[in-house]
Amino acid sequence: MKGLRIDGILLWASREVLRRPGDALLTGVCLALTTAMLATVLLLSQAVADTAGRILSAAPSLIIRRINAGGWAPMPADEGVLRIRAVPGVLSVAPRIWGAARSEKGTVTVVGAKTGAGFVQREGKAIHPPGVGQAVVGPGIEGAGGRIRLFLGAADSFSFSIFGRLPGETAVAAHDLVILEPGDAARVLGLPPGFASDLAVDVFHEEEAEALAPELAEALPWPVHITTRAEAAKQYAGPVLRRGSLAAIALFPAVSAVLLLVVLTVRERASRSRTVGLFKALGWQTADVVLLHLLESAVIGFPAVLLGLAAGYGLVFFPGVSWPSRLLFGWQQAPPGISLDPVGALAVLVEIGALILLPYLAAAALPSLRASLADPQDLLEEGR
Amino acid sequence: MSSLTAMSPLQDRLDAARLLFRAALVFSLAAAAAMGADAVLRAGVPVQAPKTVVGALRLSSLALVPSGRPLRLPGKVRKGVDLRYDFRLSPAAPDPADLLLPKNQPDFSQRKAR
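Going down the list, the sequences are from chains A and B. Going by our numbering, the first sequence opens with residue 4, and the numbers climb by one from there. Going by our numbering, the second sequence opens with residue 300, and the numbers climb by one from there.
Calculated directly from the structure, the hints in this document are not laboratory data. Mixed in with the good hints there might be a few duds.
[Unchecked claim] No more than 30 Å apart at the CA atoms, straight line, and that leaves these computed lysine-lysine pairs for BS3-like: (1) K350(B) to K108(A); (2) K350(B) to K117(A); (3) K117(A) to K237(A); (4) K237(A) to K350(B).
[As the list claims (entries may be wrong)] Label pairs and their calculated CB-CB ranges: (5) Q347(B) to P195(A): 21 to 29 Å; (6) A377(A) to L318(B): 53 to 61 Å; (7) R277(A) to F326(B): 48 to 56 Å; (8) V344(B) to G134(A): 27 to 35 Å.
Small disclaimer: the values here were computed from a predicted structure and weren't measured. C-beta atoms are modelled at their ideal positions from N, C-alpha and C, and glycine is treated no differently.
Based on the provided sequences and hints, a complete structural model is requested.
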């Protein structure tokens, strides 16, 4: 019996929506757009920070960079490795040769990789590090005629044959990387033989990384700057949230739109007191009246909010999206198509859905509850 | 309430209402199911390949921003070090994303010439 009653009220609520199709359509569009804006910004902030943290969990525990008055300086690799290896708690230490360099199509990051075993598996096939005169490039690097030219300052230029290309799914880490044989990389970056850009250190216990930093600094005879993995991951949350806060300025109209919708819904439902009086006079219970108004709003609100959430989700998590790179991360040409990890997205979606739907449904339910508690005769006379 | 279902279909538009409700229900369920399935099935997949590269090359930064920007450097960059004066970088290297309006970018070539 109860099922039949709810079925009847559901149909009645749908029919009420059909009585005002224009209102319903506009309300739905407004809810969907507001939800899509909120979902896009909040999902993007969460996804970038989360994805960066997960990827960088494979990064070295600590990076030690030699500094001087002008900034960073090359570090004698062997001496640095020997001194750091002697510090208790250090698991491994390796010199890194890397830095920014100019190519014909913009700035790239040059990385020196040791020859030997393959370092990236793609569909079961290993991509091997390059030999002398060769380069493995990231998915965003376009070479001319299978070669890439890199410049040191204004005078020197080096040309390398493109030996391999990293797969597109590595774009978030390697979009503009040029991987060279370490000797080649050092020449391009202007590093003297035996020097490294910095040292990558792994420690036995990740929790000790921060505590070890002062000891590592003391072990070296030069001033150094030490960055932990946690600090490196945190950097990606900061700028995105900062730019997200700029986007939040654009969200004020969205929040205002929700408030406006709530106010309009309250007023519209309050104006239907005569109908409520009529229903009550015909024998409807208070619960029936409230349920009718709730379902009427739900028939509009749920699909609209889910449409907005799906739009925001697609904009952020569709594999290979490039608009965040172009709009938020400063890429001017050939932005990377990034694929963000949707872990944790469902919780954010539920929060946003609740943030939009609860005020909207409450705005529908409360005036009808108030009206249905009144005397039906008063309501009928009031509506005249 | 039984009178609700006893009305003539021609008068009460119940068929259209039923269709609207079913369409709303099906669309909502489909959208929720699609997002849920994607979030569950793809969880962790997008980070696998980049993580391999980061581990193999011992990278400490991601290519979310272009090369040469402070965010690509470990610990960003020391205060007082202006990357625009790094001879290895192209004039476009400073991060324009920090400036709200692209047209407000400073003229780097003029600054260098001073």
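Against the structure, the hints come out as follows:
1. K350(B) to K108(A): The given pair, whose Cα atoms are some 26 Å apart, holds under the 30 Å limit.
2. K350(B) to K117(A): Since the Cα atoms of K350(B) and K117(A) sit roughly 18 Å apart, the hinted pair holds (cutoff 30 Å).
3. K117(A) to K237(A): With Cα atoms ~29 Å apart, K117(A) and K237(A) stay inside 30 Å; holds.
4. K237(A) to K350(B): With Cα atoms ~17 Å apart, K237(A) and K350(B) stay inside 30 Å; holds.
5. Q347(B) to P195(A): 21 to 29 Å: Roughly 37 Å apart at Cβ, these two residues miss the hinted range, so it is violated.
6. A377(A) to L318(B): 53 to 61 Å: This hint is violated: roughly 34 Å between Cβ atoms.
7. R277(A) to F326(B): 48 to 56 Å: Hint violated: Cβ distance 33 Å, outside 48 to 56 Å.
8. V344(B) to G134(A): 27 to 35 Å: 32 Å, holds
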